[in-house]
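Undergrad: Order-wise, the sequence lines are chains R and S. Add 1 to the 1-based position in the first sequence for the numbering used here, that's all there is to it. Add 6 to the 1-based position in the second sequence for the numbering used here, that's all there is to it.
Don't take every hint at face value.
Unchecked claim - Just so you have them, the derived chain S footprint on chain R, three or more residues with Cβ under 8 angstroms:
| no. | region |
| --- | --- |
| 1 | 113–123 |
| 2 | 205–211 |
| 3 | 241–248 |
| 4 | 253–267 |
Bear in mind the hints are in silico, worked out from the structure with no lab data behind them. From the three backbone atoms N, C-alpha and C, an ideal C-beta is built for every residue, glycine too.
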Amino acid sequence: MGVLYCLMSLGVNFIYGIMKVINWAIGEFFMIGAYVQYLLIVFFLGVRYWYIGVLIAALCTFLLGALVQKILIKPMFVGIIEEKMEYATIVTIAMAILFRNLAIFIGGPFIYTPPDYAPPTRIGPLPVSGNNVIAFIGTIIILAFFFYFLKRTWIGKAFQAVSQNRPGVLTAGIDVLKFDMIAFGIGTALAGAGGALLAPVLLVYPLCGVIPTVRGFEIIVIGGLGSIPGVFVAGLSLGIAESLGAAFINPSFVDIYGFGLLMLILLIKPYGLFGKPERSV
Amino acid sequence: MESKKRMLIIVLLSGLALIVGSAVPLMVQAQSKEPVKIGFLTPLSPPGDHASGKRMLWGGELAVKYVNEVMGGVLDGRPLKLAVEDDQGVPAEGVTGYRRLVTKEGVVAVIGQFHSSVCLAVNEVAKELGVPLFSTGASAAKITESRYPTIFSIMGLTPPRAEFYMEFAKKMGFKRVAILSEDTDYGTGFDQWIKEYGKKGGIEVKGIIFPRTSLDLTPSLLIIKAWNPDLLINVGVGANAYLMVKQAFDVGLVPKVPMLATFDFPTRPEYWDAVGDKGNYILYQVYYKPGMPVTDSGNWMIRRYVELYKEDPTFYALNAFGQVVIVAQAVNFAQSAKAKDVIMALKTKTFTDWIGTVKFEEHPGMRWHNVSPPLLILQMTKVRQLSKESITVWPPSLGGTEKILIP
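Looking at chain S on its own, in the form it has when it is part of the complex:
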């Protein structure tokens, strides 16, 4: 009887041990499959430039797919996941979104910043919470000038871009350049730096700043027309960038006077829906022209992006893709999903994104943790022209014709 009881206890204990023993690896496995989250904070509704935000998100989503399918996830097989927040292009919303991503979602990094005003506000909170923040499209120099350990940027900054435009203007023989900018950090930054480099280059500059919500730019455009400039720089974002194109045409300013857009909005198909024939002959600054040599991951992304969305990816979509891939690489280098370790990896390692290698150096001034892509000026010479078919005007070192087409 006694031995039977002992036998029963042994059987029961063995059964328990078997259950516990088999459950532990399952738990460990389940725990190890817990996704690593990357925050995506970008404008997805107005007043932000949500057309840009949406495309950046498409790039970010493809990057997650790339990391999970091609790279086999992060940290030995853990899947990567995006946690998305809409900053609406409003600083207060950006700060709230960033806090939510960090405290509620536990993300390792936040990507997708587009508006300089929002990025500047979020940058302060990122410093406080210690989770890396990536500028994907925000170019105000003050962002990286802050030299915060958490800020990383792959983006052309406003001062070198302004210098590039004025160098272009000088080589084209322009004597007078007008700049019409919205009253945001992005716009006022350009106004300031264009004037500065204009002065250095001996080019006369007339700058007008307009309220971001303005719907009638005609008075400003008439003042500019009366001033008789050789080039008009359009520093609008979202609806006002399109309005400027239309209204400048209506007052007879463009295309006689060439207009230079400071980012790639003319490459979006809806540009032509919004401005029609009036948008032809616009010059625009980009960092990427379809057809440029890219890395394997870049080719992977471009192929799928075109398949899914039936258009060429914008630089910002590619940049969002590249930044997610970089964070995944940093997590793998650090062998940790802790923000502190990821920052250390970001600071010390070299990464590969869609176009080449990336190293975040602790340069002095605005170049802190900043990687600036090459700048190009292209021109649309036909209505509904694709970006890859538009003419490279500047610089000659990247195949620029140095000729602006004016009808």
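Okay, chain R solo, but in the shape it has when bound:
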């Protein structure tokens, strides 16, 4: 399951890498992605075109994220606000509460799920949900595309530059504020795509993004804040730790195994597996 939460972590990490703010409402973008996917599959596309639903859900959350950034986050980069992180924390937490309550108001207290993307299958002797397999493959594909986009394209390289030296990039004539908006949109789109992929696995309801958010932040801390390869390795490690702990020790304490791994990593590498200490003047 750990890998399935990677898109959430990647979304948070990417936004943090560019803007140095944490989007605490990432779980709500995950939830919105799941709702959009449910509506698309049940009322418009049908389950055959679930992958188109994932793309549309990602697009919707991208647009919403970009809009939120433009209206709520951008002003702090334009005006003279010293404590940007605190400002962003308050704004994104308020946004999370707003989105959650809007979901209760619009969707009611009910739990929904789109039809299965694939029937149950087997991996060797192990029976597994076809939805989990699809979500796993989908996550890997999105991660690969994202990695390619970041490393191989001009715009990806520009994002790396913004992440490394904002004033330098600004002097080179790049509109950093526009990149912030796109980065925020991409981050939320990753979460939205995660929500859409996992909609039949985790069900669709107003709080469906909360646990993936907790897991997502666990992955970030294990992998290292700002590290993209760290996200994948940490997600995989978390999933393995939880599954092995549940199978060989006791399934009642499944949450503890993940936190145990997190503490162990922090003891050995305080900045996470791939994290680097930050220097600021």
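Position chain S relative to chain R; hints supplied.
TA: Coordinates of chain S only, in the frame set by chain R:
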């Protein structure tokens, strides 16, 4: 001149007397029309089971309508009103909500408790503040075992329900029963009592408790599958109850091994939206099957509920309705809207709710102020089947077929 002055004073005084005289009855009337408030404390948002809470509130709202329109209000025409608080299924929120209802709203009783953990916490505050608290869906034995004068319950308690399930399992010839429970008072209570009655009945029981927030029950379900049980008891509430159904199907456990849900969540239309075809053949325990004989007030409620919400009422909605009606009757018996007098009436009088007569006896142990409705086990045998069309499996005394359908 003098007489003119006296005349003027007399006229003025008479006018004043007329104004005051006519104003007093109006004031008295206005005062007498002041509503009597009943508190409704239930989960209306997550992490509580807000789908249950919402339906209970629908039942409570209909009861207020029934009391005001059919019973003519309470205390000679005073209207009844609901004051609603959301406990979110969180004990701390429940305690805050109860305090607010009692101290700010001045309610005569609080209805709508659904989660055992919340009800247990609120029960302590109710004892302190002295306003009756009704368990509408909370079944932990510790609630009524407290023997507090303020606690009243119309609900099947966990130990007799566990005994009922194991009796059913024994009659079905099951040798091994697995129970997967969430880590709440509700879940752990079932885990404990199922094991206890399993031991007494010679049935092997494997219990696993999972965190309430868990989204992946696959490891636990695989362990259970490897153990090869004859029956799996689903003690989840809210999202995890649905997740268990889906994931148990995905690992190939159900429907080959029958799953028994401990309450009526499969009767909700959204059950099928959440689990699809995977939810078929589920067994579920209820206290009411649509079509059962009910009282006049029950018929009134069911008719309007179906008209308004286009579904059959759940037991919890009916129970909330019945409890509001009972409190209204208690207020009338007591001829007072004071909590102390209402408690006295609740303890001593007999009431009529949606299904029959209710008397809160001071029994020893967990049966204190508790009225337990009859238990039934039904089975869904078609996708999107209505509750009234599902098969009654157990007990035979209530028309149970004693046969479980397995595809």
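Undergrad: All the hints need checking, so say for each whether the structure fits it.
TA: Comparing the hints with the structure gives:
Counting residues of the region 113–123 of chain R whose CB falls under 8 angstroms from any CB of chain S gives 5; the rule of at least 3 is met. Coverage of the region 205–211 of chain R by chain S holds [criterion: at least 3 residues with CB-CB distance below 8 angstroms; count 5]. Using a Cβ-Cβ cut-off of 8 angstroms, 4 residues of the region 241–248 of chain R lie near chain S, which meets the minimum of three, so the contact claim holds. Note: the region 253–267 of chain R has 3 residues with beta-carbon separation from chain S under 8 angstroms; the three-residue rule is met and the coverage holds.
Taken one by one, the earlier hints all hold for this structure without exception.
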